[in-house]
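Student: For the record, the sequence lines run as chains E and Z. FYI, the numbering for the first sequence is 1 to 297, going by my numbering. FYI, the numbering for the second sequence is 1 to 158, going by my numbering.
Please note that the accuracy of each hint is not assured.
Distance condition first, Cα-Cα at most 20 Å in a straight line; then the derived SDA-like pairs of lysine to any residue [to be verified]: (1) E:Lys174 <-> Z:Val157; (2) E:Lys174 <-> E:Gly86; (3) E:Lys174 <-> Z:Pro49.
Keep in mind the hints are simulated off the structure, nothing from the lab.
Below are the chains, spelled out letter by letter.
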Amino acid sequence: MSDIKPRDAAAVAAAYEAEAADVHGDVSVDELALSAELTGADASATASDDVAAYALRLGDDALILSQRLGWWISRAPELEEDMALGNIALDLLGHARSLLHYAGTASGRSEDDLAYWRDEHEFRCAWLFEQPNGDFAHTIARGLIAATWMQELYTALSQSTDATLAAIAAKAVKEVAYHRDHAVQWTLRLAGGTDESRRRMLVALADLWPYTDELFRDDALHDRLEGVAPRPSSLRAGFDEVWDAVLAEAGIVESDFVHPRIGQSSGGGRHGNHSTHLGPMLAEMQVLARRHPGATW
Amino acid sequence: MERARRVAAAVVDPEVPVLTIEDLGVLRDVRLDGETVVVTLTPTYSGCPAIDQMRDDVLLALTAEGFRHVRVDFTLSPAWTTDWMSDAGKAKLEEYGIAPPTHRAGERSGPIPLSLGVKCPRCGSLRTREVSRFGSTACKSHFECLACLEPFDHFKVH
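Bound-form chain E, shown alone (with noise of 0.2 Å):
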């Protein structure tokens, strides 16, 4: 405002008024380039609108529940868990950013329209992904089901006939290997514990269970992308066999957590219809970049 000269008084109402518009007048915004974004086998490929479609999809889970994640740090039970559970957030943010950029070339968009400038409806991640962190059982429970899943998806997805995702799905298969090994060692220590903290895992499986289903349904997608991307229905096999494992080593029966009258969620997220818990979450999540676009630090 200083080169405003002082008897030019329209000036400087106006001026007045465009800094009372803008609450934050202080704040300057910068509209640098984003740093250089993570590619895949290729810098060049892109993505055809079907494997945009499905990368949109694994990089929605990975953005979402990294979000989620994200919440811990700071509120964990102990300083060890907050690094566990930032940084397994932080290898899911590596895989969305990936899976994002590759999904962004097919209509030109970056990993950060893509994540800041989709409203709800427009996102793609199943309800497991957006449901609510509740006590350290239930981030466990969902974090068990997610990672036993994404490590079926990802080693099957290592040899997708798109050499991108097969890049992006064999680096991230090592890295949910060790978010599964997290929480099956939680999910023994909690069900072998106490019988308070028994009863919260078991508690939160009986909570989490109904959006374990949405993971393994086909659609019209995986009928265009044979090759491309592994049918959901084909991951099935392998997860139950690690979950009945892990199950049977925690000392834990079906009949334990699945209640005979809670069916599985329909769960419509791979077609843009979310739980209600998505739309705050992406509030948060996307505020900063909407009210100062292009901010870094």
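Chain E is fixed; fit chain Z onto it per the hints.
Tutor: Showing chain Z alone in chain E's frame:
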């Protein structure tokens, strides 16, 4: 060309400054594309934030050595593994106080994790305990030595 490779290979990891990006296995290729030196890096973990710093450091190091056209590309394939870490790198890590990867990254046997003994980089004892499977960076876990009681980082097998 050989000089460009030497300069790029001498850039150190910002998180573990005793290791060069070559020791770490992050430096994948240095080649000439016309007049441009093209350096290819691969991130350790998908979300590793140090990769941006490594790119900047490579650009700065080569520019300071007089290379006028430098580009840094990233690749994810083949996926980085601690098997690429040089023996010199492992020795430097241990000397620095970080226990190096204990074995080669192999096939995982089953869903129930098993852990192997990690040697304390300070006193050499194998009586150590994993405090946390996740450490100060994505590539490390946190241990303590039951013999000398010192805490230490372990570079995870990956």
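Student: Indicate, hint by hint, whether the structure satisfies it.
Tutor: Right, here's what the structure says about each hint:
no., hint, result
1, E:Lys174 <-> Z:Val157, "holds, 10 Å"
2, E:Lys174 <-> E:Gly86, "holds, 17 Å"
3, E:Lys174 <-> Z:Pro49, "holds, 18 Å"
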